[in-house]
Amino acid sequence: MTYWIKISYERNQYVIDLDRVSAFVYEQNGTLKFWLPDSGFPIVLNPQGHPDAHQKVQTYIKEVRGQTFEEYWVELTYERNKYLVNLKCISSFECEPNGRIKFWLPDGAIAIIINPQSNKEDYQKVIKYIQRETGHSLP
Numbered sequence: 020m021t022y023w024i025k026i027s028y029e030r031n032q033y034v035i036d037l038d039r040v041s042a043f044v045y046e047q048n049g050t051l052k053f054w055l056p057d058s059g060f061p062i063v064l065n066p067q068g069h070p071d072a073h074q075k076v077q078t079y080i081k082e083v084r085g086q087t088f089e090e091y092w093v094e095l096t097y098e099r100n101k102y103l104v105n106l107k108c109i110s111s112f113e114c115e116p117n118g119r120i121k122f123w124l125p126d127g128a129i130a131i132i133i134n135p136q137s138n139k140e141d142y143q144k145v146i147k148y149i150q151r152e153t154g155h156s157l158p
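Numbering (my numbering), first residue to last: 20 to 158.
Treat each hint with caution, since some may be false.
What the hints assert, rightly or not - In silico DSS-like cross-links for lysine-lysine, where the CA-CA straight-line distance does not exceed 30 Å:
1) K101 to K139
2) K101 to K81
3) K107 to K121
4) K52 to K147
5) K147 to K81
To be clear, the hints were calculated from the coordinates, so they are not data collected in a lab.
Based on the provided sequences and hints, a complete structural model is requested.
Right, here's the structure in full:
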């Protein structure tokens with residue numbers, strides 16, 4: 020499945036397949052951030068400076084949440100921002116001795132750590148995803 024959008028950002032035109040984006044970040048000030056697939060280049064959209072592009076990405080996120088969100092997307096709060104992460108894009112998971120699960124966003128090179136005590140629902144979702152997709156269990 021593909022979901023192509025065209026946006027203007029920093030005086031350049033981009034055509035992006037949002038289905039290839041591994042994560043979206045909502046910052047507290049309303050800014051929406053994601054990384055271009057296969058590049059690590061961040062796109063930072065705020066509703067005031069990039070209203071059309073911001074709305075296109077918001078529309079995509081709403082559609083994904085209605086269709087496939089429960090299967091492999093996880094929503095979590097990390098470092099005071101809300102992350103929407105596509106688990107299908109994650110290629111490795113680490114389980115720390117204290118039970119925390121760590122994984123890295125492929126395009127953003129950011130480590131995400133999920134604590135089983137403070138984020139039980141998302142933790143269980145990630146654990147179930149790992150078991151279903153890899154056949155392995157953590158911890």
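Here is how each hint holds up against the structure:
1. Under the criterion of a C-alpha separation no larger than 30 Å, the hint pairing K101 with K139 is consistent with the structure, at around 16 Å.
2. For the proposed pair K101 and K81, the alpha carbon gap of about 15 Å is at most 30 Å, so the pair holds.
3. Straight-line distance between C-alpha atoms of K107 and K121 comes to about 15 Å, which keeps the hinted pair within the 30 Å bound.
4. Restraint check for K52 and K147: satisfied, since their Cα atoms lie roughly 27 Å apart, inside the 30 Å limit.
5. Proposed proximity of K147 and K81 is supported: the alpha carbons are some 24 Å apart, at most 30 Å.
Consistency note: the structure conflicts with none of the earlier hints.
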